[in-house]
Amino acid sequence: MSLFSKRNKEVLTAPLNLDNPVVSQVLGICSALAVTSQLEPSIVMGLSVTVITAFANVIISLLRNTIPSRIRIIIQLVVVATLVTIVSQMLKAYAYDVSVQLSVYVGLIISNCILMGRLEAFAMMNGPWESFLDGIGSGLGYAWVLVVVGFVRELLGAASLLGHEIPFISESDFFHNGMMTMPAMALIICGCVIWAHRAYNDREKK
Amino acid sequence: MIKKFFDTIRPHFQPGGKLQSFHSVFDGLETFALVPNTTSKTGVSIHDAIDSKRIMSFVVIALIPALLMGMYNIGFQNYKSAGVEATFFEMFFYGLIVTLPKIIVSYGVGLGIEFVVAQWKKEEIQEGFLVSGILIPMIVPVGTPLWMIGVAVAFAVIFAKEIYGGTGMNIFNPALVARAFLFFAWPTKMSGDSVWVSTESWFGLGRQLADGYTAATPLGQAANGQLIEASMTDMVTGLIPGSIGETSVIAIAIGAAVLLWTRIASWKIMLSVFAGGALVAALFDAFGAAENVSAHLGVCQHLFLGGFTFGAVFMATDPVTSARTEKGKFVYGFLIGALAITIRVLNPGYPEGMMLAILFMNMFAPLIDYCYVQSNINKRAKRMKQE
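These protein sequences, in sequence, are chains Z and P.
The numbering of the first sequence is the working numbering, which starts it at 1 and goes up by one.
The numbering of the second sequence is the working numbering, which starts it at 207 and goes up by one.
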């Protein structure tokens, strides 16, 4: 079987659009609301989840025939926890500021529903390469929603992007909307993303 | 005569006419001006002559005294702060000039969105915004910039109303959502002590005040631990700094009388809001911490200050977002009053609690209804068993 057969391509791209973990399956919402007040943490969070999902998927799919099904959740948790700890230490070593901003939410990736969902639903039944692609796809599907929400919130809430203040518009009160810095607004923006996504896909179907 | 006018232009809006895509605008305007002459063709329906556009018009009429008093108060505050004597008409027209653009922006943006949505979904235009559109300018401070009102109105109409399915389906009161949005989005423009008095001069009326002129609302003073300067008479007549429509207790009382006389608002909700507020205010007065000024304002001041009366009369009684079971109305109203005073006293960050209290209870109204309906069902089921 070739590395990028038709099925593998679909495994990679489906979570980006129609099977998007946040927008279609509404998983991983808590962290999407908590870390998206600025663009930079959103990007880092998205990447961390992508890396962890991909490698956890690979490891579990390698082990899948040896895991007794009664204790599979514990084993999955151990694998995920290991990876999360590694990522968390890496962030602390090389991107300390961002890891402070993300605070507990890196650790909480362990309990991210997207991860457990992919492990249970995909990695337990598929080979390592497909699982890897699936993990990358799901992680990126999660990441792009975070980036969109983080972009809107940082632009309208603080008139800056990636921490750089944007000239001209930063003088306007409109771009210092306090509501945007609150998680409540992240939920509404998430809702808007879902709205746009569904409207777009309904039109494609027709 | 108005009917004749509508009859002559009607053909253009019927299917096939050249303006047919604007038929919902036409319908909306026609039913606003005239009582619709359609009756149901099938089944039995009990209905009186009043439709929801008429209800909305009565609420707007009830709001007018408070609005006029608010306009006068804007002028009064401006001239008083400038230390200049002025006639009644100068004060009133100054207030009119300051307030009118806000009302126009609010109606323009809100009705614009309603018209667009109605056209898009090919539905009738819904009339709910008639009241919200006048309420929103009345519950913001006079210093709120026009574009902020526009943004807040758009937010409220789209996210508090249209996504729930339009008028009659909303969980939260749109006017209060607009205010809450402003309050959380631009806190410095919605509270504090520099937004309550209009500082600019318009068309020779009013006086330009120095930059940084401040005047806190009485509740703001209390939250900061100062004693309130305003006298009881000023509180009742409404000559204190505050949001445009909320200051005058007398004008609001006239509105309340209109609403109760036409039976549009529920007396149960109104009464129980005041009862809840009075009880909690009395409790705080008796047992509150000594250094907390807001705790010791006393019952009358708490009920007369800020948005309490306005909220109780015009906001809490909104038939869409309040509880609908008759006993539930008492619970709903009582908790609004109690919560509003509690927020005022216990949270120094929020000098005014009425907005949050009503929004909070809006959320719980369906739950209250559910409990009462279920308990009725259980009671009757028990009675059935005994017989």
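If you are wondering where the hints come from, they were derived from the structure by calculation, not from laboratory data.
Please note that a few of the clues may not be correct.
Some chain Z residues near chain P, calculated using beta-carbon distances under 10 angstroms [claimed, not checked]: (1) M124; (2) P167; (3) E171; (4) F174; (5) N177; (6) M179; (7) M182; (8) A184; (9) M185; (10) I188; (11) W195; (12) H197.
For every residue, glycine included, the Cβ atom is placed at its ideal position computed from N, Cα and C.
Checking against the hints above, which ones are violated? Hints 1, 2, 3 and 12 are the ones this structure does not satisfy, whereas the remaining hints hold.
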